[in-house]
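Novice: Given the sequences, and given the hints that come with them, work out the whole structure.
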Amino acid sequence: MKIEHLYGEVANFYGDPQNAVYLSQCDPDSEIIHTRLDSVPYFASERPDIILIGSMSEAMQRLAIKSLMPYKERIIELIDDGVVFLATGNAYEIFTERIEYVTEKITVDGLGLFPLTVKTDLFARYNGMVIGEADGMTITGFRSQFSFVYGDNSDFAFIKVERGIGINKQSKLEGVRRKNFIGTHLIGPILPLNPEFCEYVLRLAGSSACAAHKEAAMAAYDRRVAEFRDPKVKFD
Amino acid sequence: MLKKIRFIIALWVAKASRLALRMIGKPATCTPGIIALKLCPDFLAHIGTPQTLICVTGTNGKTIVSNLLGDVLRDCGYSVTNNSYGSNVQGGVASALLTDATLTGRSKKQFGVIEVDERSSIKVYSYITPDYLVCNNIMRDSLKRNAHPDFISYVINNKLTEKTKVILNSDDLICARLAPKSTDRTYFGVDVRKPESGDPENVRDVVYCPECGHRLDVDYIRYYHIGRMSCPECGLRSPDRDFTVTDVDVDAGTLTVAHDGVSEVYRLMNDNIINIYNSCTVITVLHKIGLTYEQISGAFDRLKIVATRYDRTTVGDVSITMQFAKGQNPSACGRAFSYVAGHSGERKSVLIMTDFQESDESESVCWLYDCDMSALADPTIREIVFAGPRCRDQKLRAIMAGVPEEKIKITDTPADGVDLIDVKNHSEIFILYQLYTIPAAARAKRRLIERVEAEK
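Protein sequence lines correspond, in order, to chains E and H. Straight run, no breaks: the first sequence in the working numbering ends on number 236. Straight run, no breaks: the second sequence in the working numbering ends on number 456.
The reader is advised that the hints may include incorrect statements.
Said to hold, decoys possible - Footprint (simulated), chain E over chain H, 3 or more residues, beta carbon under 8 Å:
| # | segment |
| --- | --- |
| 1 | 150-161 |
| 2 | 414-423 |
As the list claims (entries may be wrong) - Simulated pairs of lysine-lysine, BS3-like, Cα-Cα distance not exceeding 27 Å:
| # | chain 1 | residue 1 | chain 2 | residue 2 |
| --- | --- | --- | --- | --- |
| 3 | E | K119 | H | K407 |
| 4 | H | K407 | E | K214 |
| 5 | H | K409 | E | K214 |
| 6 | H | K144 | E | K234 |
| 7 | H | K159 | E | K105 |
| 8 | H | K144 | E | K172 |
| 9 | E | K105 | H | K409 |
| 10 | E | K232 | H | K144 |
| 11 | E | K179 | E | K105 |
| 12 | E | K105 | H | K181 |
| 13 | E | K160 | E | K66 |
| 14 | H | K3 | H | K108 |
| 15 | E | K169 | H | K165 |
| 16 | H | K3 | E | K119 |
| 17 | E | K160 | H | K144 |
Simulated from the structure, these hints should not be mistaken for laboratory data. None of the values given here were measured: they were computed from a predicted structure. Backbone N, C-alpha and C fix where the C-beta goes; we use that ideal spot for every residue, glycine too.
Specialist: In structure tokens:
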């Protein structure tokens, strides 16, 4: 299995790169291809099984858009071909129509794969947690962000939120899904935090590997699910 | 005039509240400031500041640096206002300044050494212009509060003017570029070439040139983005140092600092690289404000790092080291793990109490995955105990970082962690703790000493 980790040298906040590490520990025969911001992506000419991209600063997000824009059609082709994409944190905003950086007073066009827009305000940090359902699985995760996504994602949401918020404070539908492209504001190590979901991602990529260190991962996951469903626990 | 009256009322009420709080045994290090700011939102614009005001900011080490600065200045006979035992946010800064002010709001002190939380910079520097801004590093901190170093730089820079002189770490390219309007710039750093990791597992926050976006050439990385680098495209580079640590002799317990053509030897307070940077920061600041080598060196001989940050005790054959490791802060915890791994000794046990939780809160565990835990896989570390509600997540993260599962013990209850330590088979025991677990860590240490003595 070939896993392309995009721009890990800058898109590495909140432990997001550990998704690639965890996948490689699930399937020791897998190969991680690290693509830097200033190099040609592996996916430009080859077909990786999974492409990962994680959270980054706002300045790096703008550079990442610039780097990926020439490959927009290729990305659509790969999505249509069933390649798994996992974009976490503000990385998934890259694939929306437009990002408005309120503090810097800049607006930048995204790749436009989803009819959604983003507003980023450096003086409005939002922290919270999410528990919800996606394709029959219970997903847990954390969010820490300056931005919210706006638009109607009801036809292509990733998670139906049980507790927490969706793409913005008025929404209960989190993230986006287009074939095997999964984008979410959930940050960090979403795969080790959700071993069942990790196995689901592996299946989408055609691997039969199991979640690594499964006993330890499930113990942490079960505890988190119980805690997130405890009405006494505050969510944001 | 009305503003002045409002300020005086706020000052008096805050001073009275301080007196009342002290009478009932409360430390009153923040509440009087909060009251003052409530009554007079621009209180900091009116309160007098000491003759020389030094603000210390940055991610890691600001408490140690500001405490040492205050201690040395007092040791040398100067009068000092500081918030060493208080809060470093706006209320704490206001409390410290009003405590030492006259009834009309004038400062009575020669020096002010004020630790300023990075996130509070805008609220403080909007009203106060420090004579000196000191910054040791800008690293990743709590993802909830601090987001990322770019954001923190933006917040610190926002209200600083050219009137402030800056004293910055030359080995941290993010820190070294702070306060761009300031023309009076002094740089310090460490030239002891001991890169610990050429390519850390996760974190390096300066990869591309912040000026032109070209990939930077790296001379060396000591840890994270601390090191020396330059841009082959636009010529940006780590600035030359004015004060440089040129030698660290752990056996002799000395630290050598070169500046202005002289080389000076000081007592080494602690051999952790973070504390070498802290010491160098303090020496640089003290020279810049006019103290002599004799004054600084004499004070260094008498002082030590505040015990809430570091402490070492020996009981029979067992050494117990208390090491502060700021919770939710991946860079600080990664450094603490590295310190334990690099410490002498072959049979080490580590109790990790960096986890804290209010009863009605959960908290993000993502930072654990941003923290380089690979140092804990060092073979000299024979046992790791994670104590706290996030112990299962810590265990999984440690396994992913290469720590053998059989070395790991966990307990949900911080107080129980100490009883899981095998005191018979370990000669070096480390207790890592954070701000909110200082009392629990102190209790753990006492219990550990009892257990070691009982074994004897």
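Novice: If a hint holds in the structure, say so; if it doesn't, say that too.
Specialist: Hints and how they fare:
Requiring three or more residues with a Cβ within less than 8 Å of a Cβ of chain E, the coverage given for the segment 150-161 of chain H holds, as 3 such residues are present. For the segment 414-423 of chain H, the proposed coverage by chain E is not satisfied: 0 residues have a C-beta within less than 8 Å of a C-beta in that chain, short of the threshold of three. The straight-line distance between the Cα atoms of E/K119 and H/K407 is roughly 46 Å, outside the 27 Å bound, and the hint therefore fails. As the CA atoms of H/K407 and E/K214 are separated by approximately 17 Å, the hinted pair is consistent with the 27 Å bound.
Taking the CA atoms of H/K409 and E/K214, the gap is about 17 Å. The hint holds against a cut of 27 Å. Proposed proximity of H/K144 and E/K234 is supported: the alpha carbons are some 15 Å apart, at most 27 Å. At most 27 Å may separate the alpha-carbon atoms for a hinted pair to count; H/K159 and E/K105 meet this at roughly 18 Å. Restraint check for H/K144 and E/K172: satisfied, since their Cα atoms lie roughly 22 Å apart, inside the 27 Å limit.
For the given pair, E/K105 sits about 50 Å from H/K409 by alpha-carbon distance, which is inconsistent with the 27 Å threshold. Proposed proximity of E/K232 and H/K144 is supported: the alpha carbons are some 21 Å apart, at most 27 Å. Pair hint E/K179 plus E/K105 does not hold up; C-alpha atoms about 34 Å apart against a cutoff of 27 Å. At roughly 22 Å between alpha-carbon atoms, E/K105 and H/K181 fall within 27 Å of each other, so this suggested pair holds.
Restraint check for E/K160 and E/K66: the C-alpha separation of about 31 Å exceeds 27 Å, so the hint is violated. Proximity of H/K3 to H/K108 is assessed by CA-CA distance (about 22 Å); at most 27 Å being required, the pair is judged to hold. A threshold of 27 Å between alpha carbons decides the hint, and for E/K169 with H/K165 the separation of about 43 Å lies outside it, so the pair is violated. Among the hinted pairs, H/K3 with E/K119 is inconsistent with the structure: their alpha-carbon atoms are about 38 Å apart, more than 27 Å.
With a C-alpha separation of about 24 Å, the suggested pair E/K160 and H/K144 falls inside the 27 Å cut-off, and the hint holds.
Hint violations for this structure: numbers 2, 3, 9, 11, 13, 15, 16, all remaining hints satisfied.
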